[in-house]
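Visitor: In case you want the letters, here they are:
Number of protein chains: 2
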Amino acid sequence: MRHVTSLLLLVLQAPAFPVQTGYAQGGAGQDTLLGFDAAGTAAQRALETDFDSRISTADLDNWLRILSREPHHVGSEAGRQVVDFVARRFREWGYNVEIAEYEVLFPSPRTRELELVAPEYFRASLTEDSLVEDPSTSRIDNLLPPYNAFSIDGEVEGELVFVNYGTPADYEILDRYGISVTGKIAISRYGGSWRGIKPKLAAEKGAVGTIIYSDPADDGYGAGDTYPDGPFKNESAVQRGSVMDMPTYPGDVLTPFVGATAEAPRLPREEAPTITEIPVLPISYRDALPLLQAMGGEVVPAEWRGGLPITYHLGPGPARVRMKLEFNWDMVTAYDVIARLEGAVYPEQWVIRGNHHDGWNHGAADPLSGLVALMGEAKAVAELAAAGSPPARTIVYTAWDSEEQGLIGSTEWVEEHLAELDEKAVAYINTDGNSRGFVNIGGSHVLEKLANQVMNDVTDPQTGVSVAERRRARIEVNGNAEARSELKSRADLRISPLGSGSDYTPFLQHLGVASLNIAFGGEGNDGSYHTLYDTYEHYTRFRDPGMVYGVALAQTAGRATLRLANAPRVPFEFTGLADNIASYVDEIEALAASMREETRQTNARIDSGVYALALDPTHSFGAPLKKAEVPFFNFAPLKNALVELQKAAGAYAEIDQSSAASEGQNILLYTSERELTRPDGLPGRPWFTHQIYAPGFYTGYGVKTLPGVREAIEERQFGIAESEIQTAAGVLRGMAERIRELSE
Amino acid sequence: MRHVTSLLLLVLQAPAFPVQTGYAQGGAGQDTLLGFDAAGTAAQRALETDFDSRISTADLDNWLRILSREPHHVGSEAGRQVVDFVARRFREWGYNVEIAEYEVLFPSPRTRELELVAPEYFRASLTEDSLVEDPSTSRIDNLLPPYNAFSIDGEVEGELVFVNYGTPADYEILDRYGISVTGKIAISRYGGSWRGIKPKLAAEKGAVGTIIYSDPADDGYGAGDTYPDGPFKNESAVQRGSVMDMPTYPGDVLTPFVGATAEAPRLPREEAPTITEIPVLPISYRDALPLLQAMGGEVVPAEWRGGLPITYHLGPGPARVRMKLEFNWDMVTAYDVIARLEGAVYPEQWVIRGNHHDGWNHGAADPLSGLVALMGEAKAVAELAAAGSPPARTIVYTAWDSEEQGLIGSTEWVEEHLAELDEKAVAYINTDGNSRGFVNIGGSHVLEKLANQVMNDVTDPQTGVSVAERRRARIEVNGNAEARSELKSRADLRISPLGSGSDYTPFLQHLGVASLNIAFGGEGNDGSYHTLYDTYEHYTRFRDPGMVYGVALAQTAGRATLRLANAPRVPFEFTGLADNIASYVDEIEALAASMREETRQTNARIDSGVYALALDPTHSFGAPLKKAEVPFFNFAPLKNALVELQKAAGAYAEIDQSSAASEGQNILLYTSERELTRPDGLPGRPWFTHQIYAPGFYTGYGVKTLPGVREAIEERQFGIAESEIQTAAGVLRGMAERIRELSE
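Chains as they are written, first to last, in our numbering: chain A, 2 to 745; chain B, 2 to 745.
Hints in this document: simulated from the structure, not taken from any laboratory.
Since the structure is predicted, the reported quantities are computational estimates derived from the model, not experimental observations.
Be a bit skeptical, because a hint or two may be false.
In this list, chains with the same sequence are indistinguishable; a pair is considered to hold if it fits within one copy or across any two.
Here are the simulated DSSO-like pairs of lysine-lysine, each with C-alpha atoms no more than 27 Å apart in a straight line [claimed, not checked]:
| no. | residue 1 | residue 2 |
| --- | --- | --- |
| 1 | K489 | K628 |
| 2 | K206 | K489 |
| 3 | K206 | K648 |
| 4 | K325 | K628 |
| 5 | K627 | K648 |
| 6 | K627 | K206 |
| 7 | K627 | K325 |
| 8 | K489 | K627 |
| 9 | K640 | K325 |
| 10 | K325 | K489 |
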């Protein structure tokens, strides 16, 4: 579901204060694997060589072609066929397969109307063009037309206001122009935040409706050649997508906290808090052009300009639109494929490996490019088991349904099996869309060392060096000075903290299962994202010709899975965790300091009246509003707890990591991530229990680390910042205590 | 001729190392004027109040309307009428007027053809649209159509290569793509450098022709509403302009160093080094669209994208164009109006105040908005003289011809009268186009204190505070942290060093006459620049409604002129000069250090082969070329000389500045700027004698301070950097010696 490019950018920005971790940077295949001794390392590496040889581009290509033949969203016949195909393969390979079924609310469009009613008339087509160059784009009998799932029904009419990306910062700019969206329809471009934030904020600001379009500067001819000439959005392409308020809770909107089984208690739809407050509709830039062209008012600030051949104006009006949206609020069945291969040594310890199977459309890139890699892994793992090398722990391969509507299949399964997973889940390894380029691993920092050892051992198909080395080269050439310097000062590449946007969220952020999300990207462009053009033809031409990065993904995620499954000592590591958390603490202190200084200076400038002299009196752009001064916060509890964590992590690192751990120790190891959660969850969103990683309440997918503290400060809720510091400190102390227990 | 917005940007960037100058920031009208005692200050201020009252918006508006009625370029009948009108007014007001005449080479278009010949056919219109909303745009019988003056004749055909702004940095990027312009036609957008740099560099790189167009992102609908809805370039508008190689020498191309009188010796045209090597033509974005749309090859880097609704490609080809340009290489007469008002005390000391009168077209903004302010000043000064307050020194009002083709009228006059000016010229105060907004003063730093006292005494017509205070507010709100901090640590606003682009260049950079260039701007947008749309209608609607900033300009330039004319001690000051030069020395040291480190790092990266791993192997963008390492330079001579200058300046500042100076001292004072020149000039361009300020050889208008040293390093001619440091140090020592002489 998520754009991989954004992940890449995150990782290229190094946190503020790198430290020496003491690990040597291993050459591929040379170091001892975390959790294994020397002999175990040799055996595991031999197994992985065998594993690699069993993954074929031909398999991946074949499965991709078959599975992407038709649009296959949740509740569709084609979706059911995908489930059957995948389940059949798993069964053939020897897995114990069950299909978990959930009854979930699924809105699909019944009425979509968008008209410009003044100053001239225009009716939006809301339709994507089929292309002779891509036969898949004519197989659209079951295609969901462009819409935003979990928009509320409604018919609204109002003047347009251009809100840029519709982020909090954008509304601050509109405030300075004296422009309110109250009673208006906000027109926003995609980008800058997760799409669901746009109607959420617009509604908070009083708008009656929201239109979201893909601006060609961001995602069209401005980015590069358009489909079918190139990979980017042509003038008719529309990004579909859910606008469910996932930062509150993901999954079925009617059954928060519980699996959406047939008999589960359900909220009345009117009370579901994650459905939008106002109607919202995505459109193409072809449909957006007449709307934006008809707008008046002030010219937008330079940074807000898009790529259409017009002068962009803020409004309000004179462009006035009417929008009517009605949805079929059907209950449909979501099918998760759950395929188990029992562990030979620790059958009650589960390593879970997942990817969703549902698509908004043909879904070649999203999600099938990741799913076929997972299938390649599963086939090879089963063959290894049949040849006498079963995993030590149970491996659970999962193919989730209805991810696109809000991580529904995975969330419902985790919610239903919460207690069992709490006990048994060692880790969760997620993939989703994939493409050419550089490896991106995000996840729990207890797995950072494991992730690095994996990246060192997988070969990049284009250059022949390890995928770690290629990533290092990328940072060396494109990174900032700090990131470059960290390449020398820090043995491991940082993995990025996870926000949201794919199925790791219920595992990591609801239950506290250490998770990784793995993808390659950065060279295969994704203008097809959630459009009609996410087809086999587009994917194999532009995103991963020859499926070689599909194989690299299988080798990467497969190694992570196999090492977690086989290591005599669960391969978690804590100095990397402490180091990353230290950087987050530093960031937040710096954030508070810079907000304090910025607020002080800006308030002083407002008081001095200097804006009235500096700004053009013939335009409406005025001074910002004064803001409450930022107090000093007591970060000491957090920093003291961090010291405890660092000491404990250091002590555990002194233990011989190649010694096998007892079953009890292994359970203490893999359940340690649960220590980072808190039953009450985050302020205002109890479903999100993890205290280190969460999707931002006003960014949507973008991660907020130490979210309780960080968001209290960012959102200027200074009153709760101190208690959130205490809470976060408590979680760190709990983790330190757990690690000390492991070192005893 | 020059865009005022670029000046503004320069000033908002504070130099690196602000120092305390010891001057208190004067409230308007409260401090003693430099060069006057208390009684003299009071008398001068009273005179200025009287002066202000004699300048009327009605006069300015009336003259602007009359003078902008027809296109009035050099050699045209309308141009001759402008000269007559201006000269008549000066005579009426009591000036001793002469018309200086020069016979100069003036190319005007005979043939202009531009066709796309492959892959499809298109013929460029090369014509601007007349608009019913602006009657001036239909008075075009004598309009010069869009062309670049001093393009060579030629007919060429070749594939297009997109070179972005056509700067040296842009060609380095093309090199990384493996793209050469040799034998091709370079298509460049306006901006990023002075236009004349584009054909100069393209020719150096082997191109056979150059096309320059105004991209709508920079100067069209992307910047704001287009004419006649708003001020910016509509799809037909073309920026004309000279491409003479002015960084080599400005003025008549056939008579470098000598006034182009009828009998002057002349170069054969074929030997004139300042005519371009290859044909060059400016076009509109309407004409550019089919050319750019037909291009193939790699997609341009993100920063190179313009605002047309297409994907921009680098080429070469398949777009292929044929271009044919032929010019009438006529000899025409340029007429400078020279109007003198004899000084009552020091008639042989001249304060010169100038603005050009020729336009590319109707020329309402450029140059008439500045010329009518000058006329308003001249009328008021004459009235004051008639009422018994003649200036102490002679004031020479000048209206230059043929500035647009290359500062021709002013350059020829300075060259003709070099010896007399060397002796008599106290200072030169220039204006050119003007518009609403903030005061911008650039110039010799011996005049920085004078400029600040003037800015403190002129009231901004929109806000009622002094124009200095409004400028400070602008820096406080929009400046960077350093510029903001300097507002508190430094009493005076910095004036920006001058590059080129208007008639101060021969005075300042050829002869070493201390000069100022004054304009308001930043709120009146200049999409009309050098187009058919630079009309009275456009100007009075968008650039200075009510002509109130015309009056403010007259008050500002008039004060500077009158204070220079009347001060018993020539109001030069040296600590500001030393302070600014210190910042340039620091900048150049930092430049060398950062180039050295950047070169070292990049070369190391090239050697390590990391680019091959970091860059997408399916694209042609490769590693940069290795560059020679940057050696360490001996800056000691320059820094020792700077200390001498600082000490001497400090000692002079100790003298009672309100004491009248002797005639000899005053001559030593005002000729001190000549100490900053050197008869041999700069390396490779002997016409430019000033060693502190010069237009950049590869930026055109953009200033290079300490140009000998800076350009040697920037252009990696490390072999001459040391000798240029010695040269610059010698000039600073000479200036220090002169100042010491003044303090004796």
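Visitor: Does each hint fit the structure? Answer for all of them.
Guide: These are the hints, each one checked on the structure:
1. K489 x K628: between (42 Å within a copy, 24 Å between copies)
2. K206 x K489: neither (47 Å within a copy, 39 Å between copies)
3. K206 x K648: Close neither inside one copy (47 Å) nor across copies (61 Å); limit 27 Å.
4. K325 x K628: Neither: 38 Å inside a chain and 62 Å across chains, both beyond 27 Å.
5. K627 x K648: neither (43 Å within a copy, 46 Å between copies)
6. K627 x K206: within (19 Å within a copy, 54 Å between copies)
7. K627 x K325: neither (39 Å within a copy, 61 Å between copies)
8. K489 x K627: between (44 Å within a copy, 23 Å between copies)
9. K640 x K325: neither (53 Å within a copy, 73 Å between copies)
10. K325 x K489: For K325 and K489, neither the intra-copy (57 Å) nor the inter-copy (57 Å) Cα distance is at most 27 Å.
When each numbered hint is compared with the structure, violations occur for hints 2, 3, 4, 5, 7, 9, 10.
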